[in-house]
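Q: Residue strings, one per chain:
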Amino acid sequence: MLMTIVVELKDQPGQLLKALEPISRFGGNIVSVFHQRDKITPLKRIPVEITIQIDEKRVEDLIEAIRRNGVIVRSYNKVKLTATTSLLLIGHIIHTDLGDTINRIDSTGFAEVVDMHISMPQLNHPSTAMVTISATNDENLKRAIKILKQICREKDITVIEPLELQ
Amino acid sequence: MIKIAIFGFGSVGQGVAEVLLSKGDVIRRIIGDFEVVAVTDSKGGLADENGVDLAEALEIKRKRKRLPEGVTTMDVIENMDFDVGIEVTVTNIEHGEPGLTHIKGCLKRGANVITSNKGPLVVAYKELARLAEKNGARLMFEATVGGAMPIVKLVKNDLAVNEIYAIKGILNGTCNYILSRMERERLTYDQILAEAKELGIAEADPTYDVEGIDAAAKLVIIANALMDMDVKFEDVERVGITKITPEAFEVAMEKGYTIRLIAEVDKIEGILRVSPRLIPIQHPLAISGTLNAALIRTDLAGDVVVVGKGAGSKETASAIVSDLIELYRCRD
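Protein chains in written order, with the working numbering: chain F, 1 to 166; chain W, 1 to 332.
Misleading hints may appear alongside valid ones.
Stated by the list, open to error - Selected chain F positions facing chain W (Cβ under 10 angstroms, derived; list incomplete): (1) P22; (2) P47; (3) A83; (4) L87; (5) L88; (6) I118; (7) L123; (8) S127; (9) V159; (10) E161.
As the list claims (entries may be wrong) - Some chain W residues flagged as far from chain F (calculated, every beta-carbon gap over 10 angstroms): (11) D205; (12) I262; (13) G302; (14) G308; (15) K309.
Stated by the list, open to error - In the DSS-like style, the derived pairs of lysine-lysine whose C-alpha atoms are separated by at most 30 angstroms in a straight line are: (16) W/K232 / F/K149; (17) F/K149 / W/K255; (18) W/K43 / W/K61; (19) F/K80 / F/K57; (20) F/K142 / W/K255; (21) F/K146 / W/K23; (22) W/K255 / F/K80; (23) F/K149 / W/K314; (24) W/K63 / W/K108; (25) W/K255 / F/K78; (26) F/K146 / W/K153; (27) F/K142 / W/K153; (28) F/K146 / W/K255; (29) F/K142 / W/K243; (30) W/K23 / W/K3; (31) W/K23 / W/K314; (32) F/K80 / F/K142; (33) W/K23 / F/K149; (34) F/K142 / F/K78; (35) W/K243 / F/K146; (36) F/K57 / F/K44; (37) F/K149 / F/K78; (38) F/K142 / W/K232; (39) F/K57 / W/K255; (40) W/K156 / W/K243.
Honestly, the hints are just simulated from the structure, not real lab data. Glycine residues also receive a C-beta, built at the ideal position from the N, C-alpha and C atoms.
Take the sequences, apply the hints, and build the full model.
A: Have a look at this one:
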């Protein structure tokens, strides 16, 4: 699941690490870290927006761990993915590191692979996968498709795009 | 009296001759009297200021596979008096010849041209359009895109004041036949291709169709001639249908999609490509068999969809005669 956490950090060295350390401990992937220096609080704390990819079940424990490190968590939200489309991939999908293909979409921070249906007819024959990608908006969905097409060009996988993005 | 010269006497040229014969009365009622003053092929031809006997020309061609020597296409273009040249020689999309030279020759002397030949238009549409304008002649090419499916004059006449945002279509009947058969029979690409070859739907060397080259050539004509763009064949992003598997249809169908080879030009998004696409099964472009179809996206008329036979000598002749009517209509 893609989510953003907004923490408030004191303007001192080592503060950011306190917020980030638990994320890797709970198996999260950091997508982006954005210091909102223009929104500094009256107590001189800097809001930092952290976007991560993490298993939904571990979110509450993660937030608890960040707080235990003495970091103020102002808010945390699942990123809403409003644009969705399905594409068909044909080729040696598994043998060309499917995990990497998915990860390169998920790590964009604006899109993720939300569903995949693979059909493998025979060993060493090309397989077919229907991949569903969701993104934060239409523009980002187009960007994600572009990235997927680039990955598939590298891996010699044929991409069949939908006629229109719904 | 409208004087017609036909350049190219293969299946399209013969189809045109047959329609001019069989529908001669109807055509004369609409455009007035006409006469074919020359018919040529790559080996020779027949020419007569007072009119060639088309039935005889067809007979000779069928019996001897060629027209008599002694008359050449360039002879006719340079030395005979005619109003409109019907250029239906073989397509070459790399250099456009011999059609390009024929069309230029006609336009330079102010004769109108009707063609089914994609090559010259893919290679030099803008140049030909300028040449036509300069010499007060018209270049008609309904038959180059979509065969009998009306699209060129539909956009130029009926949708004339519309801004054309995008056109997406199925412009190759062979690919559509193969894909719709794969969808229904769940056989492999190679099996259906073999069947298509046997039925004469696919050529012995199917590259031109299945790699999307033919569709890309038509897309270039659409973009340049109907959407006022300036693109080249090399600008088309192109993916063919050879890697599509029967399982792809199964997986797609579970989500309510089928797969078709779509040629798409989109001015707003800057898209120019031919590639297999997922099409919702109830979508108007989810057509089967050797049909062609196009969806035209406009500002005033909204979406307009046309469907029709994309190839065949009768069908192509229908498109060519529709151009003849457009040029010379004097009665409804």
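Q: Hints numbered earlier in the text: which of these fail when held up against the supplied structure?
A: 1, 2, 3, 7, 12, 21, 23, 24, 26, 27, 33, 36, 40
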